Amino acid sequence: MQFKYTKFASALLATGLLSLPYSANANDSTELEELRGLVQELSQQVKILARKGEINEETGAAEKKAAPVIKASSSGFSFGSADGKNEVKIRGLLQADHRHFSDGANDVRGRSNERAGTLNADGFHDAEDTSLLRRVRPTIEGKVGGKYGFRFTPEFGGGSASAVDAYVEANLNPAFKIRAGKQKSIVGLERLQGGGDIKFVERGYVTNAILPNRDLGVTVSGDLFGNKLNYGVGIVNGVADGGNISTGTEYNGEREYTARVFATPFIDSDSALAGLGFGIGGTWTDYTGEKNLNFTDTSSADATRNGLPSYVTEGQQTFFRYTSNAIADGKRVRWSPQANYYYGPFGVIAEYAKVSQEVSLASGGSASGGGAGSSTVITPGTNKNLKHDAWGIGVSYLLTGEDASFKGVKPKQDFDLDKGGWGAWELVARYSEIDLDEDTFKNAAGQYGAEGSGINSTFSDLTKSSKSAETWTVGVNWYLNSNAKVALNYARTSFDGGALAKGLAQTTNNNASGSNVRDRDDEEAILARFQVAF
Amino acid sequence: MKKPLLAIALLYAVFSVTAPTTVLAKDISLLNVSYDPTRELYQDFNAAFSKYWLAKTGDKVTIKTSHGGSGKQARAIIDGLDADVATLALAYDVDQLQEKGKLIPKDWQKRLGHNSSPYTSTIVLLVRKGNPKNIKDWDDLVKPGISVITPNPKTSGGARWNYLAAWAFAQKKFGNDEAKTKEFVGKLLKNVPVLDTGARGSTTTFVERGIGDVLLAWENEAFLAQKELGIGKFEIVVPSLSILAEPPVTVVDKFAKKHGNEAVAKAYLEYLYSEEGQEIAAKNYYRPTSQSVAKKYESQFPKSNLVKIDEEFGGWQKAQKIHFSDGGTFDQIYQK
Chain D
1 MQFKYTKFAS ALLATGLLSL PYSANANDST ELEELRGLVQ ELSQQVKILA RKGEINEETG
61 AAEKKAAPVI KASSSGFSFG SADGKNEVKI RGLLQADHRH FSDGANDVRG RSNERAGTLN
121 ADGFHDAEDT SLLRRVRPTI EGKVGGKYGF RFTPEFGGGS ASAVDAYVEA NLNPAFKIRA
181 GKQKSIVGLE RLQGGGDIKF VERGYVTNAI LPNRDLGVTV SGDLFGNKLN YGVGIVNGVA
241 DGGNISTGTE YNGEREYTAR VFATPFIDSD SALAGLGFGI GGTWTDYTGE KNLNFTDTSS
301 ADATRNGLPS YVTEGQQTFF RYTSNAIADG KRVRWSPQAN YYYGPFGVIA EYAKVSQEVS
361 LASGGSASGG GAGSSTVITP GTNKNLKHDA WGIGVSYLLT GEDASFKGVK PKQDFDLDKG
421 GWGAWELVAR YSEIDLDEDT FKNAAGQYGA EGSGINSTFS DLTKSSKSAE TWTVGVNWYL
481 NSNAKVALNY ARTSFDGGAL AKGLAQTTNN NASGSNVRDR DDEEAILARF QVAF
Chain A
1 MKKPLLAIAL LYAVFSVTAP TTVLAKDISL LNVSYDPTRE LYQDFNAAFS KYWLAKTGDK
61 VTIKTSHGGS GKQARAIIDG LDADVATLAL AYDVDQLQEK GKLIPKDWQK RLGHNSSPYT
121 STIVLLVRKG NPKNIKDWDD LVKPGISVIT PNPKTSGGAR WNYLAAWAFA QKKFGNDEAK
181 TKEFVGKLLK NVPVLDTGAR GSTTTFVERG IGDVLLAWEN EAFLAQKELG IGKFEIVVPS
241 LSILAEPPVT VVDKFAKKHG NEAVAKAYLE YLYSEEGQEI AAKNYYRPTS QSVAKKYESQ
301 FPKSNLVKID EEFGGWQKAQ KIHFSDGGTF DQIYQK
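Protein sequence lines, in the order shown, are assigned to chains D and A. Counting from 1, one number per residue, gives the positions in the first sequence under our numbering. Counting from 1, one number per residue, gives the positions in the second sequence under our numbering.
FYI, nobody ran anything at the bench for these hints, they're computed from the structure. A quick note: this is a predicted structure, and the numbers were derived from the prediction, not measured. The reader is advised that the hints may include incorrect statements.
Unchecked claim - Taking lysine-lysine pairs in the DSSO-like style, the calculated list, with each CA pair at most 30 angstroms apart, reads:
id, chain 1, residue 1, chain 2, residue 2
1, A, K308, A, K106
2, A, K187, D, K52
3, D, K147, A, K26
Claimed, not checked - Heads up, incomplete: computed chain A residues facing chain D, CB under 8 angstroms, no partners named:
id, residue
4, S147
5, P193
6, I211
Even for Gly, the Cβ is constructed at its ideal location relative to N, Cα and C.
With the rest of the complex left out, here is chain D (with noise of 0.2 angstroms):
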């Protein structure tokens, strides 16, 4: 700026000095003087202009050191102050699936009140090929004060809107964070992966089947030695198996509580170990049966009901549910170890997960709910510790040569037809199953049976639910950019028990020995999914 002003100055006394007929020849003393004010009130003039330029730059660089921040990139939009303490960043989620089905069932044997129309020959409806909106999460989440942070993220996929995340967080050392609200449980590893940074269309059986998904609570984390290991631990309501809790409301008066510790002892390191992970998480509840009575008297079940969980598989279709006067009533533990490696494009993800839950039966209830229209109550000498377990490992290998990490990824070239960039291209595979406790179909003299049966002292009914699933799964993934991302995954999936032997009538209970049991068909799905996040 300054130089310009010279410039110009020089300009003008070279203008001022040629056009001045006394230049030449300037020998009076006078003319000479004039002729020196003139120079030094000029080159004051210019110099002044020099300094005012120098001060409105300083003055409007001051200003945006303090002007409020607006950003709009790949990673959401934001608005904050200047010295990064409060800020509001706007993020959102969408994905769109498509459910193909070319085999399977879209519930237990015998289930005619999730659909219309009558169950085919074996007691089931097929699963039916659909179209939906699988997450369409708005975010809105920020910090006041450089510690307090909230988030917000309603979900208006699945039909109808409901809050996913809605918590307060204390920011107040790395190693000392407090969130309270509804939150994601900090006991699964692939759940605290991100709804749009998972590898596959569906998380596998540990995370939606075992582990719990959101609850109310109270958690404390933070990490330790310089990030090489993180811990959590949590007061919550607890929910059931794969349960994500309704704001505002309580199940069960006790509090579950949960705790993960997860270590990168290498993550500083050039090794090839650098990208190892493993911990282990867990969660303790103890129900009084009695105190969720209340909620056996419903006629029409939902995934929770009495605390109980339904099991779905890949293509979210339901292959178990307990027996409608199950309850659960006493001990619920779980545990998980897990671990994830990466190295360049190649990702490992692997998880184990075991409950044991203390169930009962319950007798009695209204009439209009269903029951015999007495108190209900809970049957003595009927509960059990049902102990499932489920494990997964699912490996990814990026083709475009993309590091992978256990979060999104960042093509090196973005898709774009014109500039001839196609994006990042992930190969995926994962094998993962879930078994559940034998017990579960049997009663306390090891007959297998159902309600109705005779034999009704069983939580499940090994003809209508299958006792384990195995899925595996491949697939790719398309990433077009930072935010778009194309996924298809083919997902088969291969059932023990869970069907009545061909050639009996669909009245036909199960019998004591289970000889009329056979397995459920395979369940074959694609899996489409076009997601945008940001």
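With the hints as your guide, set chain A onto chain D.
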């Protein structure tokens, strides 16, 4: 429940008895938010205090300083710049820390000697060598063709002292005729070609950029310009009347407490009143309040006829409201 408490009490007792009595030395970080021309003063003083504090307590204290226009600095502290101490140009700016930020108690000025002003200064006229425009007093600054350099009173504490010094002179000259006083100060401001945001900026304008015939300057800043920034290039003209500038200091209690620095912050300011602190102030051309040090440096500071803010203007709160708040005399005059 009682057993763990008992165990903790026993452990505490055992450690209390057996733990070594030596206390580990601490590394302390202190932030002094100051006004524009005090860079050199606090550079010297911080080094002296660190040495003193290390010898006294064994703790290493590192003092960071921030400099800028006094009003801007006060606003920055109110907005969250967590200063342990504030050493500003005038009491009004420190008052704002109490009124707008609730960061210090109301009686902050009574906590240290001389109304919490460990050193004073005044406003002088700095002219170029040989005084080519023959500037002798404030009268000369309103003449046509005289270029006067002074910062913006809206952002600079020094500028407010300059403005009030000129106002006091005109008030006396015109027998408290406010209209004529305003006209006088208005003429003076018309001769100001550029308004910097702080006193150091104006010094740069005058000394380094070579703009203007006269700089209205803190006495310490004028000495610095004359003896260190442009040796032999400038002369100090002491006007017939000027103002006694009392830059105050305070612990910013809220932030010092938050940092656990209350004791060291208090000691830091108290050390400004010590023999060594006063010597450092005098060597940096601030007038010491200690009589003994003032006597030692008597010859350094010219005798001046100085008015006081409380007596002439009814204190800083009143002066600020009348002259520098929105719509005050400065706005009325400068916008014409």
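Q.
So, as I understand it, the hint says S147 of chain A touches chain D; can you test that by seeing if any CB pair is closer than 8 angstroms?
A. Constraint on S147 of chain A satisfied, holds at 7 angstroms.
Q. K187 of chain A and K52 of chain D: Cα distance at most 30 angstroms?
A. Measuring from Cα to Cα gives roughly 21 angstroms; hence the hint holds.
**Q.** Hinted pair K308 of chain A and K106 of chain A, Cα distance within 30 angstroms
**A.** Judged against 30 angstroms, a Cα distance of about 22 angstroms means the pair holds.
Q: So, I211 of chain A near chain D? Judge it on the closest CB pair being under 8 angstroms.
A: OK, holds: I211 of chain A within 8 angstroms of chain D, min 5 angstroms.
Q.
Run the distance test for K147 of chain D versus K26 of chain A: straight-line Cα separation, threshold 30 angstroms.
A. Holds: K147 of chain D and K26 of chain A sit about 26 angstroms apart, inside 30 angstroms.
**Q.** Hinted contact P193 of chain A with chain D - closest CB pair below 8 angstroms
**A.** holds (5 angstroms)
Hint violations for this structure: none, all hints satisfied.
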